[in-house]
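Peer 1: Chains as they are written, first to last, in numbering that gives the first Met the number 0: chain A, 0 to 331; chain B, 0 to 331; chain C, 0 to 331.
Please note that a few of the clues may not be correct.
Remember, identical chains collapse to one label, so a pair may be satisfied in a single copy or spanning two.
Said to hold, decoys possible - With a straight-line cut-off of 27 Å between C-alpha atoms, the simulated DSSO-like cross-links for lysine-lysine are:
| id | residue 1 | residue 2 |
| --- | --- | --- |
| 1 | Lys305 | Lys1 |
| 2 | Lys305 | Lys79 |
| 3 | Lys128 | Lys305 |
| 4 | Lys330 | Lys23 |
| 5 | Lys305 | Lys178 |
| 6 | Lys1 | Lys36 |
| 7 | Lys128 | Lys79 |
These aren't lab readings, by the way, just hints derived from the structure by calculation.
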Amino acid sequence: MKQFFSVKDISSISQAVKSALDYKQNPYKDENLGKHKTIGLIFLNPSLRTRMSTQKAALNLGMDILVMNMTSDGWALETKDGVAMTGNTAEHIREAAAVMGEYCEVLGLRSFPKLKEAEEDYSEEFFSKFAAYCGKPIISLESATLHPLQSFTDLITIIESFDYQYNDLNKQYFPFTKKPKVVLTWAPHTKALPQAVPNSFAEWMCQAQAEGLVDFVIAHPEGYALKTEFTIGANITTNQEEALKNADFVYVKNWSSYEDYGKITCTDNSWMITSDKLKGTNNAKVMHCLPVRRDVVIASEVLDSKQSIVIQQAGNRVWAAQAVLKQILTKE
Amino acid sequence: MKQFFSVKDISSISQAVKSALDYKQNPYKDENLGKHKTIGLIFLNPSLRTRMSTQKAALNLGMDILVMNMTSDGWALETKDGVAMTGNTAEHIREAAAVMGEYCEVLGLRSFPKLKEAEEDYSEEFFSKFAAYCGKPIISLESATLHPLQSFTDLITIIESFDYQYNDLNKQYFPFTKKPKVVLTWAPHTKALPQAVPNSFAEWMCQAQAEGLVDFVIAHPEGYALKTEFTIGANITTNQEEALKNADFVYVKNWSSYEDYGKITCTDNSWMITSDKLKGTNNAKVMHCLPVRRDVVIASEVLDSKQSIVIQQAGNRVWAAQAVLKQILTKE
Amino acid sequence: MKQFFSVKDISSISQAVKSALDYKQNPYKDENLGKHKTIGLIFLNPSLRTRMSTQKAALNLGMDILVMNMTSDGWALETKDGVAMTGNTAEHIREAAAVMGEYCEVLGLRSFPKLKEAEEDYSEEFFSKFAAYCGKPIISLESATLHPLQSFTDLITIIESFDYQYNDLNKQYFPFTKKPKVVLTWAPHTKALPQAVPNSFAEWMCQAQAEGLVDFVIAHPEGYALKTEFTIGANITTNQEEALKNADFVYVKNWSSYEDYGKITCTDNSWMITSDKLKGTNNAKVMHCLPVRRDVVIASEVLDSKQSIVIQQAGNRVWAAQAVLKQILTKE
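Work the whole structure out from these sequences, hints included.
Peer 2: What follows is the structure in structure tokens.
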């Protein structure tokens, strides 16, 4: 693997999940694989889970780690070509990426969208230019429109939390009795958030659905449709109650509008996930990428119940990152 | 040990000091003890000595380290339960602590008091909730009311700087000729500082006094009494000159008032420690946890003299942290 | 080596370059040399290349690393003696440096000039006091007036990019056919920048010229003369076109005026390096320490051409740092 930006960079999601769960059983089985290999983790935005879990994964593989917090430890980068750099940006991404590529065998990059212009954010200019100029394999630690390490983790968590079996012959997971119903539901929030997590989760679940692993439903208010390229095959509704019926997994997430780009167009708190809302589900497991605002996005009663698997989900970030790093280090 | 928050978490202060001084002689004797163990160092406030010495101690034991600076690299955490998180806090301590617990075998946490309400700070809500939710052994890197790694270091420094012997049979230090007189004296400062260091030093010295290791005196101006639970058995006076007489160790520290909580009620610069003030002492060694404001808290003439052992004291932070980590790793 | 602050701290620039290029061929040949040795990297200012390359070099030698970002993770340091610290500085450099010396076998320090008073900056008070008080070997990661790791890298890059041979008998490089003409040229910028990089480059090139390795020319507008102690033997001109004639290497760099200290006295954009300007050169290689403002300092057409070796140059930072660390660790 030369790039981990989207589900499309994974040749087999089943094998990737298997590799991650193998690491969960035996974290140090490849502890020399990354010896004399350096990963550079470049943060243009805050990070807790991604920062810690990716470092932990790299350490489990014996890699060296360089962390660069561009905002506090560095300076602003320019991405536009053909403009004289007379403003606030001190370095062009062409040089910054190429230099970091000189110091590292693998790079991880986190850069949030500006949420001003859809076209600008969805061009993924920053990530794609960085990838092009650094000249090394690169892992998204969340880009403007996708968060693949999170979605890979989400799939791992669904697989390990439901009745799946792994077929060693065709190297595929399959649901032993029935496919789970996985529902991604929008929920309220006080701030305008990126669409990266829901886009990415949708993309991975659509792929999982295409491979017969899940049934996938998205529920959101009017005006909150995700960009269609990420939701092909999903059953989409604006009726949350209907969507939650018989759900096995409820993935809760706020996002700002894609249509009215970056705006909060719905403040209907009735979309918050509560115990009451879960009554129609199949005793569904509740998931969220975190951080989550309690009693805004999800009620505390849910987060503190056994139905919540958000901590297990966050813990799995390590194994997702480790499986991705392995594929990069072994050039699979 | 499952928690290092206070002197009460140490079963034997003598054995702890012995363990630390053994590491000072031979830093790498347990260099594989922490292999495949990760410590997460979580800073909600600035740190120099604690940051560097705890990392060094962990490296000496072969541990992996994850550092998380919440302010610059992360976001604000909520501690209150039952409130809708519509404000500035982006994540609840319940999730943040639990997630960090997923990534680490040991956690270290630094969080200063707000110095607004004594009850709030002295509830140690942040530390105790973090400890409860992370599910892993946790080390205080300075909490609202205590700084045990500092006080442990202080005891180590006193033991190694005076005529003590270690009795291998009862595993206790004892003063060979006489007990030293240890004086904690308040000193002026331009800012309102926490009581964590003096509370903690008092707590450790009271324990040392109870075990026959020192005679302990506290001197402070009117209105600067520490909370009594930390000073049981201490000889307390508002007469600094009297206190300093025949002192063997003078521990200098400013703190804001506990009675008039968080306020500076005394600006009497005559409490600054000078060479003159030390004349009545038994050629006392001068200690301070650092950072120290020169010629405000302690005169430069004292800090630059041979009587000052503040650098040796700071150096000992490594061995204190290493001894604590060992107890946690070996579940002593 | 006990200090790496200037070219004067290197006993032989040829042997130093040879050592660095040996590491470039075989980065891990001394991977146990730094075992149980800790380097502390202390940043008072932002850093990308220096931060990452020095860490990488230390890792290649098996060292432990402690990073301290004073601004975000710590507090302001006082350098003046004999003043009561009643202001914004929380710790004196005497204590801070000595304490860091307790935790580390080697220290690296980055501290920019204030660009207010030449005398203050050129006294190098911060670096020299830190070096004196820390009691350990210290490496400049860029000081107020010099940036020796950068200049060492620059010499490495020139040696490996031209027709040099290494004489094993006298342990000297020599130019096989002819000496290259190396031109340091001032270029425009929007901000007032330190003179550290040009001072340091000049100092190293003057030494290289004295050893018969290069011919060295400096071109700058009126009012931009560097302090003469750094340019002894250099051919200095205010005619950029004349300077560039037959140049083999063009080192481009902005600096603020030394004469009218810290000021921007020339805003003549015609000093920017373009393809046109390079036509009179001997197909010169173009160098810059980075970060570089495109189309302000150097035209994009040049940076994107094969004549630019700025990325190779930045990559060599690792080997320069590694060669310096080796000399310190082996006490050569």
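Peer 1: Could you run down the list of hints and mark each one as holding or not?
Peer 2: So, going through the hints one by one against the coordinates:
{"no.": "1", "hint": "Lys305 <-> Lys1", "in the structure": "between (39 Å within a copy, 25 Å between copies)"}
{"no.": "2", "hint": "Lys305 <-> Lys79", "in the structure": "between (49 Å within a copy, 21 Å between copies)"}
{"no.": "3", "hint": "Lys128 <-> Lys305", "in the structure": "between (43 Å within a copy, 20 Å between copies)"}
{"no.": "4", "hint": "Lys330 <-> Lys23", "in the structure": "both (21 Å within a copy, 24 Å between copies)"}
{"no.": "5", "hint": "Lys305 <-> Lys178", "in the structure": "within (22 Å within a copy, 56 Å between copies)"}
{"no.": "6", "hint": "Lys1 <-> Lys36", "in the structure": "within (15 Å within a copy, 30 Å between copies)"}
{"no.": "7", "hint": "Lys128 <-> Lys79", "in the structure": "within (10 Å within a copy, 43 Å between copies)"}
Checked against the numbered hints above, the structure breaks none of them.
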